[in-house]
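Colleague: The residues making up each chain are set out below.
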Amino acid sequence: DTGVSQDPRHKITKRGQNVTFRCDPISEHNRLYWYRQTLGQGPEFLTYFQNEAQLEKSRLLSDRFSAERPKGSFSTLEIQRTEQGDSAMYLCASSLTSQGASYGYTFGSGTRLTVV
Amino acid sequence: GQNIDQPTEMTATEGAIVQINCTYQTSGFNGLFWYQQHAGEAPTFLSYNVLDGLEEKGRFSSFLSRSKGYSYLLLKELQMKDSASYLCAVDDTDKLIFGTGTRLQVFP
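These protein sequence lines are chains A and B, in that order. All the letters of the first sequence, read from the start, carry residue numbers 93 to 208 under this note's numbering. All the letters of the second sequence, read from the start, carry residue numbers 1326 to 1433 under this note's numbering.
Derived from the structure by calculation, the hints contain no laboratory data. Ideal Cβ placement from N, Cα and C applies to all residues, glycine included. Please note that the accuracy of each hint is not assured.
What the hints assert, rightly or not - Quick partial rundown of chain A residues pointing at chain B, CB under 7 Å, derived from the structure: (1) 125; (2) 134; (3) 137; (4) 140; (5) 145; (6) 199; (7) 201; (8) 202; (9) 206.
As the list claims (entries may be wrong) - Taking lysine to aspartate or glutamate and the EDC-like style, the derived pairs with C-alpha atoms no more than 16 Å apart in a straight line are: (10) 149/A to 1419/B; (11) 163/A to 144/A; (12) 163/A to 120/A; (13) 1382/B to 1402/B; (14) 149/A to 1417/B; (15) 163/A to 116/A.
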């Protein structure tokens, strides 16, 4: 297992376009998280899945953002009608959660989005 | 609400010791993590504390006081490669909540 993989590493898009990012978690992990990080800030929580169920969404996640994890394995994060304020690093992480405790939080390398 | 506070920036000299403090208030607590993050890279795990006390791992140590909502990361024998951001994060039982990070610059 090579850890958490994210694709693409970099994405430049024009304002108003839609973009989709992919995350492949560690295969044994049942939870998958999406975070957004802007320069000089810590990662901000967006949403998380346990298996295929999306259990929590942050108020930061506007209607233009949607995330899926259809088979409980990889996940996609789509941003529709991108705005310049969406420019950030989008980080994916996974963990193994059992009986209320999570282990092995591991982050991917992130997808850096630039909206021009 | 959820709040995690840490200093924005710190500087130190190569070979010295530096302590980065973190205070937190969260709705749940299932442990506190410290991550290191170099510019443009993913956070990498440094330490985890769930019980009060000190955890030591080589040049890095982390301390937790749950009653005070307080942790620190201690870096000894600083090296130039330790220049990075250090993120304090609390597992609130559902997810990790991060502070803003402390950017540490190590000078020769």
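Colleague: State for each hint whether it applies.
Modeller: Taking the hints in turn, this is what the structure says about them:
| no. | hint | verdict |
| --- | --- | --- |
| 1 | 125 | holds (6 Å) |
| 2 | 134 | holds (3 Å) |
| 3 | 137 | holds (5 Å) |
| 4 | 140 | holds (5 Å) |
| 5 | 145 | violated (13 Å) |
| 6 | 199 | holds (4 Å) |
| 7 | 201 | holds (5 Å) |
| 8 | 202 | holds (6 Å) |
| 9 | 206 | violated (13 Å) |
| 10 | 149/A to 1419/B | holds (11 Å) |
| 11 | 163/A to 144/A | holds (6 Å) |
| 12 | 163/A to 120/A | holds (14 Å) |
| 13 | 1382/B to 1402/B | holds (13 Å) |
| 14 | 149/A to 1417/B | holds (15 Å) |
| 15 | 163/A to 116/A | holds (12 Å) |
Violated hints for the displayed structure, listed by number in ascending order: 5 and 9.
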